[in-house]
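Position one of the sequence shown corresponds to residue 334 (the numbering used here), numbered consecutively onward.
Rather than coming from a laboratory, the hints here were simulated on the basis of the structure. Take these hints with a grain of salt, some might be off.
SDA-like, lysine to any residue: derived pairs with alpha carbons at most 25 Å apart [stated by the list, open to error]:
no. : residue 1 : residue 2
1   : 379       : 532
2   : 562       : 376
3   : 433       : 459
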Amino acid sequence: MTAADNDKPAINNGNPRHIAIIMDGNGRWAQKRLMPRIMGHYAGVKAVRKIVEYCAKQNIEVLSLFAFSSENWRRPQDEVSLLMELFMNTLQSEVDKLDKNNIRLKIIGDKSAFPEKLQGKIATAETQTEHNTGLTLLIAANYGGRWDITQALRKIVADIRSGSIEEQAISEQLISQYLVTAELPEPDLFIRSGGEERISNFLLWQLAYTEFYFTDALWPDFDQDALDKAINSFKGRQRRFGHTGEQVIDNRVL
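Please construct the entire structure, taking both the sequences and the accompanying hints into account.
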(Lines of atoms letter the chains of each structure in order from A and count residues from 1; the text may use other names and numbers.)
(Lines give C-alpha, C1' and ligand atoms only; values in the text may rest on other atoms or scores of the structure.)
Protein backbone atom coordinates (compact mmCIF):
# COMPACT_ATOMS: atom_id res chain seq x y z
CA MET A 1 0.00 0.00 0.00
CA THR A 2 1.34 3.39 -0.98
CA ALA A 3 1.13 6.71 0.81
CA ALA A 4 -1.41 7.77 -1.82
CA ASP A 5 -3.64 4.86 -0.76
CA ASN A 6 -3.37 5.94 2.86
CA ASP A 7 -4.34 9.51 1.95
CA LYS A 8 -7.59 8.53 0.24
CA PRO A 9 -10.78 9.65 1.98
CA ALA A 10 -12.73 7.08 3.99
CA ILE A 11 -15.06 4.69 2.19
CA ASN A 12 -18.07 2.59 3.32
CA ASN A 13 -20.66 5.41 3.13
CA GLY A 14 -18.31 7.80 4.86
CA ASN A 15 -17.31 5.36 7.60
CA PRO A 16 -13.62 5.31 8.53
CA ARG A 17 -11.65 2.47 6.98
CA HIS A 18 -9.45 2.16 10.06
CA ILE A 19 -10.44 3.01 13.64
CA ALA A 20 -7.76 3.08 16.36
CA ILE A 21 -8.80 3.12 20.02
CA ILE A 22 -7.03 3.62 23.34
CA MET A 23 -9.29 1.75 25.76
CA ASP A 24 -8.77 3.86 28.87
CA GLY A 25 -10.62 3.77 32.17
CA ASN A 26 -10.94 0.10 33.14
CA GLY A 27 -9.27 0.56 36.51
CA ARG A 28 -11.19 3.71 37.37
CA TRP A 29 -14.46 2.02 36.35
CA ALA A 30 -13.78 -0.72 38.90
CA GLN A 31 -12.61 1.66 41.63
CA LYS A 32 -15.80 3.70 41.33
CA ARG A 33 -17.66 0.49 42.13
CA LEU A 34 -15.31 -0.41 45.02
CA MET A 35 -14.02 -3.38 43.06
CA PRO A 36 -10.43 -4.55 42.39
CA ARG A 37 -8.91 -2.93 39.30
CA ILE A 38 -8.69 -6.28 37.50
CA MET A 39 -12.50 -6.48 37.49
CA GLY A 40 -12.48 -3.38 35.32
CA HIS A 41 -10.25 -5.17 32.83
CA TYR A 42 -12.68 -8.11 32.72
CA ALA A 43 -15.50 -5.65 32.06
CA GLY A 44 -13.32 -4.03 29.39
CA VAL A 45 -13.04 -7.35 27.54
CA LYS A 46 -16.83 -7.47 27.29
CA ALA A 47 -16.81 -3.97 25.78
CA VAL A 48 -14.15 -5.07 23.28
CA ARG A 49 -16.33 -7.96 22.15
CA LYS A 50 -19.28 -5.65 21.44
CA ILE A 51 -17.19 -3.08 19.58
CA VAL A 52 -15.49 -5.74 17.44
CA GLU A 53 -18.85 -7.24 16.49
CA TYR A 54 -20.25 -3.81 15.61
CA CYS A 55 -17.24 -2.79 13.50
CA ALA A 56 -17.48 -6.06 11.58
CA LYS A 57 -21.16 -5.37 10.82
CA GLN A 58 -20.34 -1.82 9.73
CA ASN A 59 -17.72 -3.09 7.25
CA ILE A 60 -14.87 -1.28 8.97
CA GLU A 61 -11.66 -2.62 7.42
CA VAL A 62 -9.32 -2.33 10.43
CA LEU A 63 -9.88 -1.90 14.17
CA SER A 64 -6.76 -1.25 16.24
CA LEU A 65 -6.97 -1.56 20.02
CA PHE A 66 -4.23 -0.48 22.43
CA ALA A 67 -4.33 -3.33 24.95
CA PHE A 68 -0.97 -3.07 26.71
CA SER A 69 1.67 -0.42 26.15
CA SER A 70 5.40 -0.83 26.62
CA GLU A 71 5.02 1.57 29.56
CA ASN A 72 2.39 -0.59 31.29
CA TRP A 73 5.12 -2.85 32.69
CA ARG A 74 5.58 -0.08 35.29
CA ARG A 75 2.25 -0.96 36.88
CA PRO A 76 2.11 -3.06 40.09
CA GLN A 77 3.42 -6.56 39.41
CA ASP A 78 0.20 -8.22 40.58
CA GLU A 79 -1.84 -6.23 38.07
CA VAL A 80 0.61 -6.97 35.25
CA SER A 81 0.50 -10.70 36.01
CA LEU A 82 -3.29 -10.69 36.02
CA LEU A 83 -3.35 -8.75 32.74
CA MET A 84 -1.07 -11.36 31.13
CA GLU A 85 -3.35 -14.12 32.36
CA LEU A 86 -6.42 -12.29 31.09
CA PHE A 87 -4.77 -11.71 27.72
CA MET A 88 -3.92 -15.40 27.34
CA ASN A 89 -7.34 -16.61 28.45
CA THR A 90 -9.10 -14.16 26.14
CA LEU A 91 -7.02 -15.26 23.17
CA GLN A 92 -7.88 -18.86 23.86
CA SER A 93 -11.61 -18.25 24.32
CA GLU A 94 -12.18 -15.74 21.51
CA VAL A 95 -10.09 -16.95 18.56
CA ASP A 96 -12.66 -19.50 17.37
CA LYS A 97 -15.38 -16.82 17.41
CA LEU A 98 -13.16 -14.45 15.44
CA ASP A 99 -12.37 -17.17 12.92
CA LYS A 100 -16.05 -18.12 12.54
CA ASN A 101 -16.90 -14.47 11.80
CA ASN A 102 -14.15 -14.10 9.16
CA ILE A 103 -12.12 -11.71 11.37
CA ARG A 104 -8.34 -11.66 11.01
CA LEU A 105 -6.38 -11.21 14.23
CA LYS A 106 -2.96 -9.57 14.26
CA ILE A 107 -0.93 -8.77 17.38
CA ILE A 108 1.57 -5.91 17.07
CA GLY A 109 4.32 -5.03 19.53
CA ASP A 110 7.46 -6.54 21.02
CA LYS A 111 6.11 -10.03 21.68
CA SER A 112 9.52 -11.31 22.79
CA ALA A 113 8.91 -9.85 26.27
CA PHE A 114 5.89 -12.08 26.85
CA PRO A 115 6.03 -15.52 28.51
CA GLU A 116 6.79 -18.29 26.02
CA LYS A 117 3.35 -19.85 26.50
CA LEU A 118 1.64 -16.56 25.62
CA GLN A 119 3.84 -16.14 22.56
CA GLY A 120 2.69 -19.56 21.42
CA LYS A 121 -0.98 -18.66 21.92
CA ILE A 122 -0.47 -15.48 19.89
CA ALA A 123 1.19 -17.35 17.02
CA THR A 124 -1.56 -19.98 16.98
CA ALA A 125 -4.34 -17.37 16.96
CA GLU A 126 -2.73 -15.36 14.17
CA THR A 127 -2.16 -18.46 12.04
CA GLN A 128 -5.73 -19.68 12.52
CA THR A 129 -7.22 -16.40 11.27
CA GLU A 130 -4.60 -15.20 8.78
CA HIS A 131 -6.64 -15.99 5.66
CA ASN A 132 -9.86 -14.35 6.84
CA THR A 133 -11.03 -11.47 4.67
CA GLY A 134 -13.37 -9.48 6.92
CA LEU A 135 -12.40 -7.07 9.66
CA THR A 136 -8.71 -7.00 10.61
CA LEU A 137 -8.47 -6.78 14.40
CA LEU A 138 -5.13 -5.28 15.39
CA ILE A 139 -4.22 -5.72 19.07
CA ALA A 140 -1.28 -3.59 20.24
CA ALA A 141 0.40 -5.44 23.11
CA ASN A 142 3.73 -4.37 24.59
CA TYR A 143 3.60 -1.78 21.83
CA GLY A 144 4.94 1.75 21.67
CA GLY A 145 5.04 4.12 18.72
CA ARG A 146 8.68 5.01 19.39
CA TRP A 147 9.55 1.30 19.56
CA ASP A 148 7.80 0.78 16.21
CA ILE A 149 9.79 3.51 14.50
CA THR A 150 13.02 2.32 16.14
CA GLN A 151 12.57 -1.28 14.99
CA ALA A 152 11.77 -0.06 11.48
CA LEU A 153 14.96 2.01 11.33
CA ARG A 154 17.03 -0.92 12.59
CA LYS A 155 15.68 -3.12 9.80
CA ILE A 156 16.32 -0.41 7.21
CA VAL A 157 19.93 -0.02 8.39
CA ALA A 158 20.41 -3.80 8.25
CA ASP A 159 19.03 -3.93 4.70
CA ILE A 160 21.27 -1.06 3.61
CA ARG A 161 24.31 -2.87 5.01
CA SER A 162 23.30 -6.09 3.25
CA GLY A 163 22.78 -4.26 -0.03
CA SER A 164 19.04 -5.03 -0.20
CA ILE A 165 18.24 -1.34 -0.47
CA GLU A 166 20.22 1.83 -1.14
CA GLU A 167 20.44 4.72 1.29
CA GLN A 168 18.99 7.02 -1.37
CA ALA A 169 15.82 4.91 -1.36
CA ILE A 170 14.84 6.02 2.15
CA SER A 171 11.55 7.89 2.04
CA GLU A 172 8.37 8.22 4.07
CA GLN A 173 6.85 5.47 1.97
CA LEU A 174 9.79 3.15 2.62
CA ILE A 175 9.72 3.73 6.37
CA SER A 176 5.98 2.96 6.40
CA GLN A 177 6.72 -0.39 4.79
CA TYR A 178 8.95 -1.37 7.74
CA LEU A 179 6.42 -0.48 10.44
CA VAL A 180 4.34 -3.25 12.01
CA THR A 181 1.26 -1.85 10.28
CA ALA A 182 2.72 -2.18 6.78
CA GLU A 183 0.14 -2.98 4.10
CA LEU A 184 -2.72 -1.65 6.23
CA PRO A 185 -4.45 1.71 5.74
CA GLU A 186 -3.44 4.33 8.27
CA PRO A 187 -6.08 5.20 10.89
CA ASP A 188 -8.83 7.56 9.80
CA LEU A 189 -10.32 7.93 13.28
CA PHE A 190 -8.55 7.78 16.66
CA ILE A 191 -10.70 7.40 19.77
CA ARG A 192 -9.63 7.61 23.40
CA SER A 193 -12.04 6.83 26.21
CA GLY A 194 -11.63 7.74 29.87
CA GLY A 195 -11.38 11.52 29.63
CA GLU A 196 -7.66 11.78 28.86
CA GLU A 197 -6.61 13.73 25.75
CA ARG A 198 -3.26 12.37 24.61
CA ILE A 199 -2.08 9.57 22.31
CA SER A 200 0.30 7.95 24.84
CA ASN A 201 2.89 6.68 22.35
CA PHE A 202 0.29 4.87 20.20
CA LEU A 203 0.86 4.65 16.43
CA LEU A 204 2.92 7.86 16.39
CA TRP A 205 3.89 7.68 12.72
CA GLN A 206 0.53 6.36 11.53
CA LEU A 207 -1.63 9.04 13.20
CA ALA A 208 -0.17 11.93 11.19
CA TYR A 209 -3.47 12.72 9.37
CA THR A 210 -5.92 10.98 11.67
CA GLU A 211 -9.04 12.66 13.10
CA PHE A 212 -9.06 12.61 16.94
CA TYR A 213 -12.09 11.99 19.16
CA PHE A 214 -11.97 12.05 22.97
CA THR A 215 -14.76 10.96 25.31
CA ASP A 216 -15.20 10.95 29.09
CA ALA A 217 -16.86 7.51 28.95
CA LEU A 218 -14.80 4.89 30.77
CA TRP A 219 -13.98 1.97 28.49
CA PRO A 220 -16.34 -0.64 30.03
CA ASP A 221 -19.19 1.84 29.40
CA PHE A 222 -18.16 2.48 25.78
CA ASP A 223 -20.81 0.85 23.61
CA GLN A 224 -22.23 0.93 20.09
CA ASP A 225 -23.98 4.25 20.72
CA ALA A 226 -20.70 5.80 21.88
CA LEU A 227 -18.94 4.48 18.80
CA ASP A 228 -21.70 5.85 16.57
CA LYS A 229 -21.19 9.30 18.11
CA ALA A 230 -17.48 9.12 17.31
CA ILE A 231 -18.12 7.95 13.76
CA ASN A 232 -20.75 10.66 13.19
CA SER A 233 -18.28 13.26 14.45
CA PHE A 234 -15.76 11.90 11.94
CA LYS A 235 -18.27 12.07 9.11
CA GLY A 236 -18.90 15.75 9.87
CA ARG A 237 -15.27 16.72 9.34
CA GLN A 238 -13.63 17.77 6.10
CA ARG A 239 -10.36 15.92 5.55
CA ARG A 240 -8.15 17.96 3.24
CA PHE A 241 -4.71 16.30 3.45
CA GLY A 242 -3.03 19.61 2.63
CA HIS A 243 -5.47 20.63 -0.12
CA THR A 244 -8.01 23.43 0.06
CA GLY A 245 -11.60 22.87 1.05
CA GLU A 246 -12.69 23.94 -2.44
CA GLN A 247 -10.51 21.25 -4.03
CA VAL A 248 -12.07 18.60 -1.83
CA ILE A 249 -15.63 19.79 -2.54
CA ASP A 250 -14.94 19.83 -6.28
CA ASN A 251 -13.52 16.29 -6.06
CA ARG A 252 -10.39 17.45 -7.85
CA VAL A 253 -8.10 15.62 -5.39
CA LEU A 254 -10.07 12.42 -4.80
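Right, here's what the structure says about each hint:
For the given pair, residue 379 sits about 23 Å from residue 532 by alpha-carbon distance, which is consistent with the 25 Å threshold. Only pairs whose Cα atoms come within 25 Å are accepted, and residue 562 paired with residue 376 is accepted, the gap being roughly 21 Å. At most 25 Å may separate the alpha-carbon atoms for a hinted pair to count; residue 433 and residue 459 meet this at roughly 14 Å.
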